[in-house]
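Below, each chain spelled out in residue letters.
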Amino acid sequence: MRLKIIAGILLAAFFGLTLAGCQTEGKAQAKKPEIRIAEQYGLAYAPLQIIKEKKLIEKNLPQIEVTWRQLGNTTAIREAMLAGELDVGFMAIPPFLIGWDKGMDWKIACGLSSTPVGLVANKDDIQSIKDFTPKDKIALPQPGSVQHILLSMACEKLWGDPKRLDNLLVTLDHPDGMNALLARREVSAHFTTPPYLFKELENPGMHQILDGREAMGEDFTFVVGVATAKFYQDQPEVYHALLKAIEEALSFMEKNPAETRRILADAYQIDENELQKYLDHPDTDYSMEVKGVMKFADFMQKNRYINRKPANLEEVLWK
Amino acid sequence: MKNKDSYGKKTKTRLLWIIVFLVIWETIAQSRTFPEAIFPSLPVIAKALGDSVVSGEILLQTGWSLALILQGLLVGLAAAVLLSSLAVRSRIFDGLVDTLTAIAHPLPGIALLPLIIIWFGTGTLAILVIIVHSVIWPMILNITTGFRAIPPIYKETGLNLGLNQVRIIKDIMIPASLPYVLSGIRIGWARAWRALISAEMIFGAVGLKGGLGWYIFKQRVFMDTPGIFAGLFVIVLIGIVVEDCVFAAFEERTVKKWGMI
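In order, the protein sequence lines correspond to chains F and H. Quick note on the numbering used here: the first sequence kicks off at 16 and runs consecutively. Quick note on the numbering used here: the second sequence kicks off at 53 and runs consecutively.
Some clues are possibly wrong.
[To be verified] The calculated label-pair distances, taken between Cβ atoms and stated as ranges, are:
| id | chain 1 | residue 1 | chain 2 | residue 2 | range |
| --- | --- | --- | --- | --- | --- |
| 1 | F | E80 | H | L134 | 55 to 63 Å |
| 2 | F | E289 | H | Q82 | 52 to 60 Å |
| 3 | F | M309 | H | L177 | 41 to 49 Å |
| 4 | F | E329 | H | P158 | 51 to 59 Å |
| 5 | F | R323 | H | F91 | 21 to 29 Å |
[To be verified] Chain H stretches covered by chain F per the calculated footprint, using a threshold of three residues with CB under 8 Å from any CB of chain F:
| id | stretch |
| --- | --- |
| 6 | 87 to 93 |
| 7 | 223 to 234 |
[To be verified] Straight-line Cα separation of at most 30 Å, DSS-like style, residue types lysine-lysine; simulated pairs:
| id | chain 1 | residue 1 | chain 2 | residue 2 |
| --- | --- | --- | --- | --- |
| 8 | F | K117 | H | K99 |
| 9 | H | K222 | F | K317 |
| 10 | F | K67 | F | K306 |
| 11 | H | K99 | F | K178 |
| 12 | H | K99 | F | K324 |
Because the hints were derived from the structure by calculation, they are not lab data. These numbers come from a predicted model, not from an experiment. Every residue gets a Cβ at the ideal spot worked out from N, C-alpha and C, and that includes glycine.
Work out the full structure: start from the sequences and follow the hints.
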């Protein structure tokens with residue numbers, strides 16, 4: 016008897032919660048226009064700091080409510096977008112393709128930046144990826160990340176085997192990876208982006224043995240903006256306001272270098288001179304053009320990281 | 053006989069509830085309220101589990117995780133017994149162990165991760181350190197409580213019989229406090245599992261030796277939701293097997309047989 020009562024309470028609580036969940040969703044739709052955007056940490060996301068600081072989305076759509084979230088990795092962004100908590104996420108192309116392959120209803124809205132990506136080694140006898148021994152470990156953000164795919168590309172080129180170094184990988188986020196590299200214990204190389212890349216190279220004995228463009232064989236967009244189908248279809252005016260804001264941020268960065276430097280130095284807690292050096296790097300480029308999707312897709316499908324690939328770029332691009 | 057009946061009854065109600073959960077799960081999955089990437093149905097999960105068993109990956113990773121846990125538990129248990137024996141015999145040591153426990157017990161292993169990476173790297177040693185850290189403090193608390201609950205006359209009898217210190221610990225104090233030690237090991241085991249899975253999910257080789265936590269993490273980054281559930285299923289299964297078979301059997305053969313509980 017008592018069991019039945021408990022079961023009844025549990026079931027009631029369960030359905031009650033489910034219904035409550037549906038209700039809040041209904042309310043959110045009736046509310047004023049809003050956009051929820053996720054970004055990650057790093058200079059590759061610089062135009063977004065300008066949009067935030069200058070309130071460029073609000074400028075174009077005064078009544079809008081903008082929510083910014085900074086998440087530690089792409090997987091978390093993808094999961095939040097799957098759960099309907101985010102409208103737009105900024106990430107690299109390979110994690111986007113993994114989601115697309117698994118049936119996520121999303122497409123690329125625009126490019127955001129290209130940035131230096133480099134594999135930094137801390138041992139003198141490692142001068143290229145050929146020199147890794149089974150005792151070495153290579154730190155990178157996670158399997159399936161752009162860094163992992165780039166390393167696989169380099170391995171395929173050299174040995175014809177993209178998974179050759181997979182047994183050496185350790186996943187660490189950028190700050191932990193940098194600490195591990197500088198500690199010179201097990202981790203002998205770290206695949207990373209600015210500002211970590213530049214900070215690591217400032218240390219004696221650290222040298223870069225591979226860069227992203229070399230591995231890829233061509234220029235590619237590092238960060239793209241990805242929007243869910245629901246957002247694109249239900250709120251086209253907000254979608255276009257976002258694109259316009261990015262466009263304005265890019266031209267602002269070009270026209271007002273001094274103020275840009277000040278805003279970014281503030282946002283990233285980096286010294287202004289150092290920041291200028293990063294921005295002047297030949298591989299740093301902010302642009303809305305999307306480059307490299309098909310090359311990533313070809314490689315990832317060929318090596319079974321994804322099961323299907325888009326027939327052409329337009330298939331994964333909103334417009 | 054009576055014991056066996058209650059054991060069978062427990063298994064029956066447990067099975068009943070598991071079936072109820074599975075039916076609710078499948079109903080929700082079949083209703084297609086949620087996309088499959090969020091809420092996969094049971095056959096899909098079973099297939100993911102089957103695939104990874106056939107490929108041998110999940111077994112390999114589970115074996116690796118279990119081996120690590122066993123090592124961590126043994127080291128933790130030995131250290132806890134040693135520290136607890138010292139603590140009950142000397143006031144100075146008691147103060148030391150008490151202070152150490154007060155400092156370290158509330159610290160989650162994962163909070164120490166950045167330090168552990170710098171000090172011990174990211175390999176097996178680092179994971180072992182995290183496991184030992186998470187099991188040793190609750191075990192010490194349990195074992196010292198157990199040691200203190202032993203009537204002094206037991207120990208005095210041992211001394212009268214001329215037993216040395218090691219034998220007093222081994223033959224009198226540990227058996228006499230076994231219910232406490234056992235619950236310490238139980239807590240330690242649960243803590244070790246959690247610490248291990250979290251540590252493995254944070255770092256671990258992409259290659260063969262990443263453990264079960266790594267297996268789940270890998271399914272996550274490649275967005276294979278059924279695979280995540282396959283990994284979780286294995287964790288639950290091992291938890292139930294260890295609790296219902298290993299611990300229960302050990303209890304049956306020791307403290308229950310001796311009439312202690």
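Query raised in the report: Given a hinted range of 52 to 60 Å, is it respected by the beta-carbon distance of E289/F and Q82/H?
Result: holds, 57 Å
**Report entry** Within 8 Å of chain F (C-beta), three or more residues of the stretch 87 to 93 of chain H
**Finding:** Held - the stretch 87 to 93 of chain H has 4 residues with a Cβ nearer than 8 Å to chain F, which meets the minimum of three.
Query raised in the report: Holds or violated: 21 to 29 Å for the Cβ distance of R323/F and F91/H?
Result: holds, 22 Å
Query - Straight-line alpha-carbon gap K99/H to K178/F, limit 30 Å - result: holds, 25 Å
**Report entry** Hint consistency between K117/F and K99/H [alpha-carbon to alpha-carbon, up to 30 Å]
**Finding:** This hinted pair holds, its Cα atoms lying about 16 Å apart.
Report task. Verify the coverage statement for the stretch 223 to 234 of chain H against chain F, using a C-beta to C-beta distance below 8 Å and requiring 3 or more qualifying residues. Result -> violated (count 0)
Query raised in the report: Measuring from beta carbon to beta carbon, are E329/F and P158/H in 51 to 59 Å?
Result: Since the Cβ atoms of E329/F and P158/H sit about 56 Å apart, the hinted range of 51 to 59 Å holds.
Query raised in the report: CB of E80/F to CB of L134/H, is that within 55 to 63 Å?
Result: Holds, at about 60 Å.
Report task. Would you mind confirming whether the straight-line C-alpha gap from K222/H to K317/F stays at or under 30 Å? Result -> Violated: K222/H and K317/F sit about 61 Å apart, past 30 Å.
Query raised in the report: Keeping to a limit of 30 Å between CA atoms, is the pair of K67/F and K306/F held or broken?
Result: holds, 25 Å
Query raised in the report: Holds or violated: K99/H with K324/F, Cα cutoff 30 Å?
Result: Holds - the C-alpha atoms of K324/F and K99/H are around 24 Å apart, at most 30 Å.
Requested in this report: Mind checking the hinted window 41 to 49 Å against the Cβ distance between M309/F and L177/H?
Outcome: holds, 43 Å
Going through the hint list in order, the structure does not satisfy hints 7 and 9.
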